Every structure is written in C-alpha cells, then in structure tokens.
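If you're matching them up, the sequences are chains A, B and C in order.
Residue 92 in our numbering is what sits at position 92 of the first sequence, and the numbering runs on without skipping anything.
Residue 1 in our numbering is what sits at position 1 of the second sequence, and the numbering runs on without skipping anything.
Residue 3 in our numbering is what sits at position 3 of the third sequence, and the numbering runs on without skipping anything.
Some hints could be false.
If you want the footprint, here are the derived chain B segments under chain A, 3+ residues with CB under 8 Å [stated by the list, open to error]:
#	region
1	57-71
2	88-100
3	204-217
4	228-234
Beyond 10 Å from chain C on every Cβ pair, some chain A residues (computed) [as the list claims (entries may be wrong)]:
#	residue
5	Arg59
6	Glu70
7	Ser255
Worth flagging that the hints you see were computed from the coordinates, not collected in a lab.
Since the structure is predicted, the reported quantities are computational estimates derived from the model, not experimental observations.
Even for Gly, the Cβ is constructed at its ideal location relative to N, Cα and C.
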Amino acid sequence: MIRYIIRRLLALIPVLIIVALAIFTLMYFVPGDPATIALGDTADQATILAAREAMGLNRPYIVRLAEYLEKLFLHFDFGVSYTYGTVVGDELMNRFPHTLTLAICCTLFTVIFGIPLGVRSAVKAGKFEDEVTRFLTLLFSCMPGFWLALLLVLLFALKLKWFPSSGYKSAKYFVLPVLSNSLGSLAGITRQTRASMLEVIRSDYVVTARSKGLPERKVIYGHALPNALIPIVTNIGTRFGFMLGGTTITETIFSIPGIGSYMITSINSRDYNAVQGSIIYLAFMFSFMMLVVDCVYAFIDPRIKAQYTRKKRKAAE
Amino acid sequence: MADNKICDFLSVRDLEVEYSSGGEVIHAVNGVSFDVESGKTLGLVGETGAGKTTIAKSILRILPDHATKAVRGQIFYKGQDLLAMPLDEMRPFRGSQISMIFQDPMTALNPTKVVADQISEGLVLHQGLDKAAARVEANKMLEMVGISSDRADEYPHQFSGGMKQRVVIAIALACNPLLLIADEPTTALDVTIQAQVLDLIADLKAKLNTAMILITHDLGVVADQCDSVAIVYAGQIVESGSKEQIFDHPTHPYTIGLFGSLPDISKDVDRLSPVEGLPPDPTNLPAGCKFHPRCPKATEACAQGEIPNKELAPGHFCRCINI
Amino acid sequence: MAEVKNTTINTEIDIEALMAEEKRERKANRGKKPGSFLYICRRVWHTPTAMVGVGIIVIMYILSYSSPFICKFPFAKVDIMHKYALPGVAGHLLGCDELGRDILSRCLYGARYTMSIGIFSTAFTQVLAIPLGAIAGFFGGIVDTLIMRFLDVFQAFPQILLAIAIACVLGIGFNKIIIALGISGIAGSARMMRAQILSVREQEYVEAATSIGCSTPRIIAKHIVPNAISPLIITMAMGVAGAGLAASSLSFLGFGVQPPNPEWGNMLANARNYVRDYPHMVVIPGIFIMATVLSYNMIGDAVRDALDPRLKD
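Build the full structure now, drawing on both the sequences and the hints.
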C-alpha cells in the first residue's frame with residue numbers, strides 16, 4: 001500500500017510537468033501583450049519594445065518554456081507578477097490558506113449533512129420524508145452558487161445584518177461563503193448517497209445482516225453504507241476539487257483574497273506568471289486530493305485494495 | 001397437522017404473502033400451514049418460484065419491504081406470534097434463536113468486511129461477548145466448518161464458493177440457534193461439495209440439537225436429512241406428512257409427478273417422466289386446484305372452489321379431490 | 001433413411017416457424033423492453049414531473065425564438081425614463097434594468113443560450129468520457145495507467161478553471177463555451193465510469209460472458225457498461241443541468257456569452273452592483289436559470305427511473 005502511494009506520488013511529477021507545459025503553451029497563445037498591459041495604454045511604442053526585450057518576451061517559445069519549467073521545478077520559482085511586480089510564489093502562499101479553509105469547510109459541511117440525509121432518504125424511500133428531502137435537494141442543486149450567494153447577501157447581510165457581506169477576518173465572515181458554496185454540493189451528495197444506497201440496500205448481504213438480528217441502524221451504517229461509498233467518495237473528491245475552483249466565484253463575490261480571485265484578476269490583466277502560478281498550484285493540490293481519493297477506495301473496498309497489493313507484489317518480483 | 005392446536009415449537013398458520021411488482025399483485029404464498037417440532041427437520045420441496053424462500057423469509061420477517069404488499073396469518077414460535085410482535089421485540093429472535101442459511105453464498109456475504117467480523121457480530125450482539133472473546137468464538141466456528149482460523153482476516157472475495165457457503169453456515173450457527181432455516185444451501189455449489197456441506201449441517205445440527213427447515217428441490221437430499229416433508233406448489237402445501245408417508249405413499253398427482261421425474265435404479269424405464277407444462281403465473285393463479293392445468297387426472301370439478309386438505313393417515317395430508 | 005430425412009425437414013420447418021414467431025413477438029413488444037430507447041421515451045411520457053420539465057423547456061425555446069416578435073419591448077431597447085423600473089411598472093411585467101431595458105424580454109431572449117449549452121456540452125463530454133472510462137476500468141494495467149494519467153492532466157484542474165482556461169484560449173462565444181465546458185467535464189465522467197467498472201468487472205456475469213466467447217468490445221458494451229451505468233445516469237442528468245449552471249457561472253465571471261447579448265449569467269453579473277436597492281434585477285434571471293436547470297433535472301430523473309427500475313419505488 002505504501003509502495004503504491006509512493007508510486008502514485010512519483011507519477012504526479014510528470015503530470016505536473018505536462019500541466020505546466022500545457023498551461024504555459026495555452027497562455028502563450030492567449031491574445032494580449034503583457035508588456036503593454038504592464039506599462040498601461042499610455043506608454044509609447046519604444047518603451048514597450050524595450051520592456052518586451054527586458055521581460056524576455058522576444059525570445060523563442062522553446063527557450064522561454066524551458067526557462068519557465070527549469071525555474072519552476074528546480075527552484076520552485078513561479079516568477080514575478082507583471083502587473084504588481086510581486087513574487088508570485090509568495091503571493092500564492094499568502095492566499096492559499098483562505099482558499100483551502102473555504103474548500104475544507106464546504107466539504108465538511110457537505111459530508112456531515114449530505115451523507116446522513118441521503119441515507120435517511122434511501123431508507124425511507126417513497127415516504128413523505130424522502131419526498132421532502134428529494135424536493136429540497138432538487139431545488140438546491142438547481143440554484144447557481146453565485147445567485148444563491150447574492151440572495152444570501154441580500155437577506156442575511158443587507159436586510160438582517162446577521163453576517164458581514166465581505167471580508168475574511170473571523171469565522172463569522174466565512175458563514176455566508178461556505179453556505180453559498182456548499183448548499184448545491186450538499187444537495188448533490190445527498191442525491192448521490194440516496195441513489196447509491198438504494199443500489200446496495202436490497203443486496204443479499206444486507207438481508208444476511210438483518211437475519212443476524214442486528215438493529216436496523218447497524219445494518220444500514222455498518223453493512224450497507226460501506227458498500228455504497230465508492231461513488232460517493234468519488235463524488236466528494238471531485239467536488240472538493242470543484243470547490244477549490246468554485247471558490248473562485250465565492251471569493252470574487254465575498255472579496256476573500258484567495259487563489260481563485262487572484263487568478264481571475266490575473267486572467268483579466270493577462271498577468272501570465274500569476275495565472276500560470278495559480279493554476280499550477282491549484283492543479284497540484286487537486287491532483288493530490290485525487291490521490292487521496294484513490295487511497296480511500298482501497299480502505300473502503302478490500303477488492304480494490306487487493307488489486308493495488310497485487311500490483312505491489314508484481315512490482316516486487 | 002394443519003389443525004388449530006399449535007405446536008410447542010414452531011407453527012405456521014394460514015400464511016399468505018403478496019408482492020407487488022409494476023402494479024401487479026403476485027400471490028407468492030397462499031395459505032400455508034405447517035409445524036416443526038424441536039430438533040426435527042422439515043423439508044419444503046417444490047419447483048423454483050413456488051414460494052419456498054418467501055415462506056422462510058416470512059418467519060424471520062426479512063421480506064423486502066419495498067416489494068411486499070401484505071403478509072397475513074400467524075407464525076407461532078414457542079407460542080408467541082412472530083408476525084404480530086413489534087419488530088423491535090421480534091428482532092432479538094433473529095440470529096440467536098432462529099437463523100438462516102442463504103441460497104447464494106456469492107452474494108450473501110458483505111464484501112467489505114473480513115469473515116471473522118461477520119461471524120462475531122452476532123456473538124457480540126446476542127451473547128454479550130466482548131470483541132476479543134467473540135473473535136475467539138468466531139475462529140472456533142470457522143474451524144468447526146472446516147476453515148483454518150488463519151484465514152479469519154480474509155475477505156469473502158478471497159474464498160471459493162464452497163468456502164463462502166461454509167462461512168454463511170458458520171454465521172448462521174454461531175449463536176447456537178434452536179431453529180435453522182436452510183434455503184437451498186447447496187444449490188450454488190458443485191456436487192462433491194454439496195454432500196460435504198449437507199453432512200456438515202447435519203453434524204452441527206445433531207450436536208446442537210437444532211430444528212431445521214430445509215428448503216430444496218432435491219428429493220434425494222430430503223430422503224437423507226428430513227423427518228417430515230411438505231410439498232409446495234404455487235404457494236400452497238399440496239401434500240405433507242412424515243418422510244416415510246410421502247416417499248412410500250405419494251398421493252397428490254404433483255408429488256407423484258416429482259417422483260416420476262427421479263431416476264430409480266431399481267426400475268428399468270427408458271425415459272424419466274417429467275411433470276409436463278410450466279408453473280402457473282403467480283399474478284394470475286388458476287381457480288380451484290392450482291395444479292389442475294398440468295394435472296393428468298384433472299376433472300372439471302378441479303377448477304372450481306377451494307380444494308380441501310384431506311387427512312389420509314394420521315399426519316398425512318393431501319390437497320386433492322380425486323383421491 | 002427416409003425417416004431420418006423427414007425429421008430433418010420437420011426441424012427446419014420448426015425453426016422457421018419459431019423465427020417467424022420470434023419476429024412477431026419482437027414487433028409486438030417494441031418499446032416494451034426495458035432499456036430500449038422507445039421504452040425510455042414511454043416512461044418519461046408517463047412521468048408527470050418529467051412532462052412538466054419537457055413542457056417548460058419547449059415553451060421556453062418557443063418563447064425565446066419568438067420573443068422578438070411577441071414582446072412589447074425589444075430586449076436591447078434602452079429607455080432611460082424607466083430605468084430600475086419595478087415589476088409591473090409601465091407595462092414592464094418583470095421590470096427594467098439600469099438602462100431601462102425590459103427584463104422579461106431579455107430573459108426570454110437569453111433562454112436560448114443557457115438551455116442549448118447544457119445539452120450540447122454534455123453530449124460532447126459523454127461521447128468521449130464513457131468509452132475512455134470503460135476501457136481504462138476494464139483493461140486495467142498499462143492501458144488504465146496511460147488513460148488515467150492522460151486524464152489526470154485534464155483533471156489536475158478543477159472543472160470550472162479548466163473551462164475558463166480553455167475559454168481564454170479559444171476566445172469567447174457560444175460555440176467555444178460548449179467546447180470548453182465539454183472538454184472540462186471529460187475527466188470527471190471518465191473517472192466515475194472507471195470506478196463503477198472496477199466494481200462491476202469482478203461480477204460473475206462478466207466471467208460468464210467471457211466464458212461463452214463474447215468478444216471484449218461486446219462484453220464492455222453489452223455486459224459491463226449497462227450494469228455500471230446507473231449511478232452515472234444521475235451524473236449525466238445533472239450534467240446537462242450542471243453544464244447550464246456552469247455556463248451561467250462562466251458568463252457571470254465574464255468568460256461566457258458577452259453583453260449586450262442578454263445571457264442570464266451576465267445579466268446577473270451586471271445586476272450584482274444593484275442588489276442592495278433593486279433586488280428584482282438579481283432575483284428574476286436567477287429564477288429563470290433555476291427553472292431551466294430544474295426542468296432538465298426532472299427529465300433526467302425520469303430517464304434514470306426508466307433505465308433502472310430498482311432505483312425507483
């Protein structure tokens with residue numbers, strides 16, 4: 001198992017190199033000239049040309065790519081922001097905690113409420129409680145997060161004045177962002193859990209568990225749920241990643257200085273280094289999350305674990 | 001047998017079960033009554049789809065709730081009606097006093113739990129053992145069914161079909177139940193293993209003095225294992241009696257048909273005679289005798305009215321008007 | 001000798017009769033076999049909520065394309081006199097925005113974007129994702145590793161970021177948003193497909209199919225995919241709806257359909273600045289998004305119930 005994790009971590013390196021390469025190439029073809037943007041529209045032609053030379057923008061693509069990759073992977077240097085002149089790496093380190101806090105809070109909120117709700121809904125399938133849950137989750141999964149955010153701001157910040165509408169100073173500031181970012185996911189996880197539970201809840205081994213005289217709660221949470229978890233975990237994993245990116249909108253609306261809002265401003269100002277840096281940073285965190293998801297599979301399903309171990313044995317031979 | 005006096009141990013009276021599927025009502029069990037005495041074995045014999053498994057699951061009340069439309073009748077276990085009890089009061093009987101061996105060992109075990117945990121769960125619950133003690137017991141159970149306790153920490157997918165069925169048996173017998181319901185315990189296994197598994201069940205049953213309801217469509221197994229037999233057709237018991245009564249004097253045309261489809265080395269016949277036709281559609285059962293469309297001796301009267309259960313000899317009942 | 005011949009002929013006749021019978025039966029049962037396209041359509045037809053969804057979508061499409069002819073106020077007409085008009089004022093049923101443009105007219109006209117982006121981008125995603133995930137999960141080993149590492153590159157970006165990045169490069173516009181959203185969804189769907197396949201692959205019926213000599217593509221297409229797909233149906237059904245949502249998010253961030261074209265997302269982005277004083281500008285386009293997404297979801301649910309009756313009742 002440990003061998004498997006190490007192998008996967010090593011496999012991450014080429015992925016990240018390709019990601020960096022792809023992003024650099026994509027950005028290379030994005031229309032717009034960073035030198036012009038850095039100096040503003042008022043700068044004259046000669047100054048711009050000089051700046052282009054100084055920034056190294058006139059060198060061929062291959063050279064610039066190689067230099068970028070070398071700096072990034074050997075020195076962990078993301079370069080300097082064209083517009084602000086700050087070091088991108090430092091900026092990312094300062095901003096990432098906000099994004100991560102937001103994503104983790106949202107995921108926890110989603111899991112803690114979503115799974116039990118979905119399980120209950122599946123157990124009561126067809127009953128009134130299930131119908132209500134299904135209706136509400138359907139409604140919430142249909143709301144755009146940013147719209148929900150605006151409505152929450154309107155109600156709780158502007159009208160009721162319970163929570164601040166923007167900023168990041170204390171826990172109170174995170175209530176609205178977390179709610180607006182995770183109610184949709186909560187609905188999604190609830191629906192996924194319900195569907196997945198309905199698949200396993202009628203399995204023979206659930207009947208076996210019942211025939212042992214186990215209380216219904218143990219039958220459901222001890223026997224059915226572990227078997228229903230695979231698609232749910234996949235869903236949570238992808239949603240965590242989605243939140244890392246989805247916070248982009250939340251951060252923009254609630255003025256939280258995270259990676260997402262940094263990226264959006266950078267894209268709008270064609271700040272190449274900042275865009276590349278923030279995307280690669282998020283890509284790394286996200287890929288890492290996906291690795292965690294794959295390991296979680298092994299813990300919940302011994303058959304998948306057996307496959308990993310078999311690989312390990314093969315590798316050892 | 002189907003009289004009003006109930007047996008001390010297990011008596012099923014007028015059991016009816018209806019399923020619903022896609023808007024249609026399926027009459028799976030239609031008024032079944034039988035008794036099982038402590039320590040004895042009853043064989044429930046019939047074709048696939050005759051309602052044998054439904055009868056068994058009704059006793060433990062583990063019918064699938066989403067599909068089950070109605071369960072009527074009484075099931076008296078030591079004088080208490082299991083069907084009338086609130087589920088919470090009934091639940092302690094499951095596993096500790098009455099337990100079940102399922103038909104398909106491939107799907108009856110939880111793929112995400114090691115086998116020892118699946119066995120010890122019941123022990124913790126019913127015998128109040130702590131985890132470690134239950135674990136020791138579970139290992140003993142595994143050894144008893146012929147699996148080395150070294151393999152206690154393995155998952156079901158690491159076992160063969162026969163071994164899985166042994167594990168299922170170990171789970172069922174872990175708490176020394178007084179009544180064991182074995183639902184075609186050998187159908188999913190190959191012939192050489194079948195005999196082993198049946199012997200294993202018989203041994204353990206003798207050791208623990210457990211009563212058993214053995215569901216099967218194999219008359220050979222019945223001859224080996226059972227004290228009494230009930231022949232089930234389309235959710236009804238068409239003939240019942242002691243093993244000797246049924247085997248020596250089969251009376252109902254369906255029973256005779258079943259025996260006719262068995263090879264018998266003492267007789268020299270060219271062909272076996274199968275029971276012609278197919279079991280009736282459970283959503284639309286024929287009126288009168290459920291067997292009459294396939295019956296070689298059917299008369300017009302067979303298609304009308306309720307067919308009474310006649311007592312031919314003490315304890316030997318048959319549901320046919322032409323005898 | 002003669003007798004033998006006779007038997008042969010008889011058998012042939014029997015087979016032909018049987019085949020004819022079989023054909024008749026098939027004809028009679030057309031649309032009754034679970035899983036067939038016709039069957040799904042029938043089931044959806046008989047599901048009231050799904051029909052409400054279909055109704056809403058159809059009506060919205062019709063209204064969207066006929067809105068230039070039936071609406072009293074053209075969607076682009078600026079009327080400074082009635083800027084920020086509340087719903088009902090001066091004949092503007094849903095009020096006006098900050099330039100006095102009629103919100104109802106704009107919302108109806110804009111319906112075409114969000115609704116179509118959802119369908120087309122999901123189709124784009126699934127056509128590529130299902131085979132990729134199925135192949136990776138079924139073959140395992142090196143094929144799996146290659147496909148998954150390839151997808152890792154895609155999936156190293158959260159979906160909306162990938163869509164933004166692709167939209168940046170492709171430029172901005174209706175078709176480009178569809179491609180951007182379509183590509184960004186592939187990795188997620190393929191991964192889910194693979195996870196399902198991993199658990200289905202171990203089942204006995206797959207071994208059974210292998211043993212009777214089914215070819216590998218047939219096993220994947222006929223045995224594994226149908227059994228692995230049911231949890232994916234929800235994902236797909238949500239996919240249409242989700243892509244509609246994502247499209248409006250992109251527009252909200254300024255990467256989608258551009259003003260002055262009245263797409264719901266960019267209307268909301270614009271209205272955001274007026275949320276304190278004129279909440280109707282925010283509430284109304286959001287309700288349109290929600291109604292559309294809800295309709296797609298209701299249809300999706302009915303399709304799912306038809307495909308997998310076990311998940312129902």
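Against the structure, the hints come out as follows:
no. : hint    : in the structure
1   : 57-71   : holds (count 5)
2   : 88-100  : holds (count 8)
3   : 204-217 : violated (count 0)
4   : 228-234 : violated (count 0)
5   : Arg59   : holds, 21 Å
6   : Glu70   : holds, 20 Å
7   : Ser255  : holds, 12 Å
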